[in-house]
Amino acid sequence: MKYPIAILIIFCVCPEFGHANRRVLLSTVQTLTLHRDKFTTGRRSSPIPQLKCIDGKSSCSNLPSSVQCYNQGSDGIDVQWKCEAQLPKSTQFDKLQVQCEGYDYPDDPYILAGSCASPTR
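According to mature numbering (1 follows the signal peptide of the UniProt record, and there is no 0), the residues represented by the sequence shown are -20 to -1, 1 to 101, in order.
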């Protein structure tokens, strides 16, 4: 009987154990910070890099260490994000979009916490 109590204490004392499958309403997320050297969480799909250059051009070498994105509201269909990063003056994002894993299905308004990524060009 001691083991179930110990497990319960671990989950109550260590909140990071409860974040693995946390469901969050995407429209309520105000800020996202994405990192070049970190991976997303995954529930329905495998984790992917939070930041990844997808065109293979030389500008990929200038991929920032982090990007911060701010919720600018909705266009009636999806959240509109404004993303910022420290980049060399000669570099800019061509296309930047935020993608998050829908909790139960691809277009679910609820997402898996930690599942957002931004493939960049």
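Read the hints as simulated data drawn from the structure, not as lab findings. Being a predicted model, the structure only gives us computed values, none of them experimental. One or more of the hints may lead you astray.
Calculated lysine-lysine pairs in the DSBU-like style (CA-CA distance at most 35 Å, straight line) [said to hold, decoys possible]:
hint, residue 1, residue 2
1, 32, 18
2, 69, 32
3, 32, 62
4, 18, 75
5, 18, 69
6, 62, 75
7, 32, 75
8, 62, 18
Going down the list of hints, with the structure as the test:
1. Proposed proximity of residue 32 and residue 18 is supported: the alpha carbons are some 10 Å apart, at most 35 Å.
2. Distance check on the hinted pair: residue 69 and residue 32 sit about 20 Å apart at the alpha-carbon level, within 35 Å; holds.
3. Between residue 32 and residue 62, the direct Cα distance comes to roughly 17 Å. Compliance with the 35 Å bound is thereby established for this hinted pair.
4. Proximity of residue 18 to residue 75 is assessed by CA-CA distance (about 20 Å); at most 35 Å being required, the pair is judged to hold.
5. Restraint check for residue 18 and residue 69: the C-alpha separation of about 25 Å stays at or below 35 Å, so the hint holds.
6. Pair hint residue 62 plus residue 75 holds up; C-alpha atoms about 12 Å apart against a cutoff of 35 Å.
7. Among the hinted pairs, residue 32 with residue 75 is consistent with the structure: their alpha-carbon atoms are about 12 Å apart, no more than 35 Å.
8. Among the hinted pairs, residue 62 with residue 18 is consistent with the structure: their alpha-carbon atoms are about 20 Å apart, no more than 35 Å.
Consistency with the previously given hints is maintained throughout, with no hint failing.
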